[in-house]
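From first to last, the protein sequence lines stand for chains A and B. Okay, so the first sequence: first residue is 1 according to the numbering used here, each after it adds one. Okay, so the second sequence: first residue is 1 according to the numbering used here, each after it adds one.
No lab work stands behind these hints, which were simulated from the structure alone. If you're wondering where the values come from, they're calculated on a predicted model, not measured in any experiment. The beta carbon of each residue, even a glycine, is placed where N, CA and C say it ideally should be. Please note that the accuracy of each hint is not assured.
Derived Cβ-Cβ restraints for the label pairs, each shown as a range [said to hold, decoys possible]: (1) B:258 - A:84: 50 to 58 Å; (2) A:129 - B:312: 23 to 31 Å; (3) A:231 - B:275: 33 to 41 Å.
Some residues of chain A that are not near chain B, with every Cβ distance over 12 Å (derived) [claimed, not checked]: (4) 80; (5) 87; (6) 177; (7) 185; (8) 189; (9) 199; (10) 229.
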Amino acid sequence: MAASAAISQKIKESTGDRIFLTVVYTVLILVVIAVLYPLIFIISSSISSPAAVTSGRVWLWPVDISFKAFKVLFSTHEIVSGYANSIFYTAAGTLISVTLTVMIAYPLSRKAFFGRNVLMMVITFTMIFSGGLIPTYMVVRQMHLIDTRWALLIPNAIWVWQVIIARSFFQASIPEELLEASEIDGCSDMRFIRSVVLPLSKPILAVLVLMYAVGQWNSYFDALIYLKTADLFPLQLVLRSIIIQNNSSGAMDAMAMVERQQMAELLKYALIVVATLPVLVIYPFVQRYFVQGMLVGSVKG
Amino acid sequence: MLPKRFLHEVQSWAQTNAINAGTTLGGINLEKNLILNNKPAPRRKGQSWLSNAGKSMLKHWQLHLLVIPPLLFFLIFKYYPMANAVLAFKDYNVIKGIWGSPWVGFRNFELFFENPMFWTLVKNTILLSGFLLLAGFPIPILLALMINEIRGGRFKRFVQLVSFAPYFISTVVMVSIIMLFLAPRLGFANIALNFFGLESVNFLGEPGMFRSIYVWSDIWQTAGYSAVIYLAALAGIDPTLYEAAKVDGASRFQKIRHIDLPGIVPTIVIILILNVGNVMAIGFEKVYLLQNPLNIVNSEIIATYVYRIGLLNANYSFATAVGLFNSLINLVLLLTVNGLAKRITNNSIW
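Next comes chain A alone, as it looks inside the complex (with noise of 0.2 Å):
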């Protein structure tokens, strides 16, 4: 079936058309090695030698394996509290976060809810005016949250377009015939709620996990602007005082003088496959339900 369909459409294609196919193939594998090629580079390097990277002789394949800036890695104070603390941030954050973006979604996909729609016009006024950098910060001091852990998973806790799909999949997913059902039934809201709506929306739970856990395991804006304790630095900006401010860290204080700047190099791109390998090896088996994020709300709302 799939076999005589590829012919017939062989058939019919023109010498134009294939010409221009060709050019579209050709462009897309271009576009696929541009995008591939650094990520393979960056890996290979991080677990070739040291003299090899720096003299330039990794191209595309690891050359002289070894691990040692791994082990190295590891073996730093600095690196591995960051990886604790943003393990401990992204679970936390994300659990806050959804946590409070349903609080909000729910309610407001429900007909029977009283202000919903001036509500909705209140969250999503914040999507295109904002206060500015300094009032939010002089807020999150009165707040008394400078400097704590706090910092990083309250005062960016919920996303609006988060909740605007979250609500949009509750309008389509759960009938209103289905709460008035139950109520007559005699079942309180929060009982829908954890019996009938948690239940059935997997999908999109799914979805909000995975952007807040993302969003919290890339940032590092809010650590940067509200944190001055190193011990509660989350991993990005461990990474930004190493390879972007070129701190060389107490990692390499141990190592002989010669080995040592091929080392910091070569320190850069493991710390890069360090912080990235977690997301992108997830990637691949959670990648439609990113997708599904961004149509999600596609269902006539």
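Using the hints provided, position chain B relative to the given structure of chain A.
Frame of chain A, contents of chain B only:
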């Protein structure tokens, strides 16, 4: 390994939903979600506004209780800062606090407009986002049109999977990668230049290179992601149109020109409005990380200036005024573009 149902799902989602949904953004019907639902439901005769409210509150008190924490979040972290923005019209004094500090009217704004940095900041901000818009806007559309030409198969899924991936790389890692590749001595780009017998270039130290580096790395990172929205819109185009075109003997290019493009125009317009509306709101994070004393002439934008003046130099009132100016311009731009789009194409966000 590859999510096999991915393509099928995108298409079925979009096909079942986007075809007759009017103006859709990646299938998300903005108009409906944001606006139409905001119209109050028609009230039955004899029921007053107040009794409606009372009834709803009584019957659904649990729902009303539920929204209190998120609502507090918005009030404290979104609306309270808006009120705090009066700081822009005051001379902030730590002891007296925001509300106790003396009013100075528009003096902070005047100071900013008279500042020699003013035109540099505005120019840098607009040029950077203008360049990003010009180069970054059409590429995802082209990418989506090309991916859409491949009918089914693993290659299509593979291209989508790969081109989408860099979206998940954090800003810090992205900038780290840029710096490693463009490093003056050991960077990949310079090793390649030397290989071809060319002189090394200190890419990040050249002010003239800053915008190109920013824009092209941004496209590398987000083009695949942005293309998904257009792919969804393309999947929603009525298949009978293609059949008709086939009967008429249209070439692939003609199909793109006369079916695909007109089919995604509403989506294109919406994305364009959102992009133009955000011209002044260009991200602080990446610019700040790419900045160095050598390229600062071109890389200092309003957002990074606010951070430097406000948080590093603790000049709160002035920085707030600069930030407020930026937000206002942005709001005006968004409204203007939205209004224009409504007139010209009948597509708008609200």
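Verification of the hints:
About 57 Å separates the C-beta atoms of residue 258 (chain B) and residue 84 (chain A), a value consistent with the hinted range of 50 to 58 Å. Judged by the Cβ atoms, the range 23 to 31 Å given for residue 129 (chain A) and residue 312 (chain B) holds: they are separated by roughly 25 Å. Taking the beta carbon of each, residue 231 (chain A) and residue 275 (chain B) are about 40 Å apart, inside 33 to 41 Å as hinted. Consistency note on residue 80 (chain A): stated as away from chain B, and its beta-carbon is indeed over 12 Å from all of that chain's, at 18 Å minimum.
Every Cβ of chain B is farther than 12 Å from the Cβ of residue 87 (chain A); the closest lies at roughly 15 Å, confirming the non-interface assignment. Look at residue 177 (chain A): its CB is around 16 Å from the nearest CB on chain B, clear of 12 Å, so calling it non-interface holds up. Against the 12 Å criterion, residue 185 (chain A) stays outside the reach of chain B, whose nearest CB is about 15 Å from its own CB. At the 12 Å boundary, the C-beta of residue 189 (chain A) falls inside the reach of chain B, the nearest C-beta of that chain being 4 Å off.
The Cβ of residue 199 (chain A) sits about 18 Å from the closest Cβ of chain B, beyond the 12 Å cut-off, so the non-interface label holds. Here residue 229 (chain A) stays apart from chain B, with its beta-carbon at least about 17 Å from theirs, past the 12 Å limit.
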